[in-house]
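Student: Sequence:
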Amino acid sequence: MKSIFQVRNLSFSYDGVSVIDNISFDIEKGDYFALIGPNGSGKTTLLKLLLGILTPTSGKIMYLGEDIKFSKYKNKIGYVSQKANSFNESFPATVEEIILFTLKSIHNLSSKQLIEKTHEVLNKVNMIEYKDRLIGNLSGGQQQRVFIAKALSKDPSILFLDEPTVGVDYRSEEEFYNIMQNLNKEGVTIFIVSHDIGSVINKVNKVACIGNKKIHIHKSTQFVDIENNLRSIYGENIDFFNRN
Numbered sequence: 001m002k003s004i005f006q007v008r009n010l011s012f013s014y015d016g017v018s019v020i021d022n023i024s025f026d027i028e029k030g031d032y033f034a035l036i037g038p039n040g041s042g043k044t045t046l047l048k049l050l051l052g053i054l055t056p057t058s059g060k061i062m063y064l065g066e067d068i069k070f071s072k073y074k075n076k077i078g079y080v081s082q083k084a085n086s087f088n089e090s091f092p093a094t095v096e097e098i099i100l101f102t103l104k105s106i107h108n109l110s111s112k113q114l115i116e117k118t119h120e121v122l123n124k125v126n127m128i129e130y131k132d133r134l135i136g137n138l139s140g141g142q143q144q145r146v147f148i149a150k151a152l153s154k155d156p157s158i159l160f161l162d163e164p165t166v167g168v169d170y171r172s173e174e175e176f177y178n179i180m181q182n183l184n185k186e187g188v189t190i191f192i193v194s195h196d197i198g199s200v201i202n203k204v205n206k207v208a209c210i211g212n213k214k215i216h217i218h219k220s221t222q223f224v225d226i227e228n229n230l231r232s233i234y235g236e237n238i239d240f241f242n243r244n
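When we follow full-length UniProt numbering, the leftmost residue of the sequence shown carries the number 1, and every step to the right adds one.
Source of the hints: derived by calculation from the structure; they are not laboratory data.
Each hint should be verified, as a subset may be incorrect.
[Claimed, not checked] Think about it this way: if two alpha-carbon atoms lie no more than 25 Å apart in a straight line, the pair counts; the simulated SDA-like pairs of lysine to any residue are: (1) Lys48 / Gly187; (2) Lys206 / Gly40; (3) Lys150 / Gly40; (4) Lys124 / Tyr73; (5) Lys76 / His107.
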C-alpha cells in the first residue's frame, strides 16, 4: 500500500527531557490505526508532531512525500481534538450553519453545492435529521458527530481523532465506531488516539503501542505481541482487551 505518512528516526524532547526517541513507522492509505499507551507516554506529543504543530528535535515526518511542516497538502488532514465540543453552548448556530460556514471557508462552491455538500457530510455521521437543531441543544455524542462532519468537510485523506470516546455513553460510542468503520471502508485513513484499549483494539486493523519513548506497531490480530508490549509499558498483570 501507499504510505500517507512516513516517520523516520523521530525524536522529541521538552526542555531537554526526551519524550520520543528515534522512532520510525508508516501510516498507509486505508489504515485504521489506534495509538494507545498510558498518560505521559507521548501519545499527544506524537499526534501534535504528525499534525505539524510541534517540530521534531530530530528526524523527519513526511506527509504525501513532503515535510509535514511545509506540506501543501496539510488542508487534506482532518482533525477532531479532544476538546472539540468544549465551546459556548449558547452559541446561536444550527448544525447546518456550522458545516456551511466551514465549507465556505475551504471550498469555492455555489450555494446549491454548499447545501448538497453539507447534507452529504451530515449524512455520513447520521446527523442530517438534526441539521436545524442548535449545536448547544445536542448531546455530547451528537456534538462530537457534528465536529467529525466538520473535519470531513475537507475531504480528508486522513482523519485524526484525539480520545474520541471520552465522555460519551455506550450507545454513542458504538455509533461512533460504526461511523468510523464506514468511513474507513469508503477510503478514509483513520488514526485514533485512545485510552479505551478494550474497545478500540477490536475495531481497528493496526495498533501502535507507545511507551518508554518507543513505539511498536502491530496488526490488531497479534494479541500476544500487543499484550506483551502493553505489559512492558503499563507494568500491570491484567487483561487489556476482550478476544471474543
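Student: Which constraints among the numbered hints does this structure fail? Numbers only, ascending.
Tutor: Hint 3 contradicted; others consistent.
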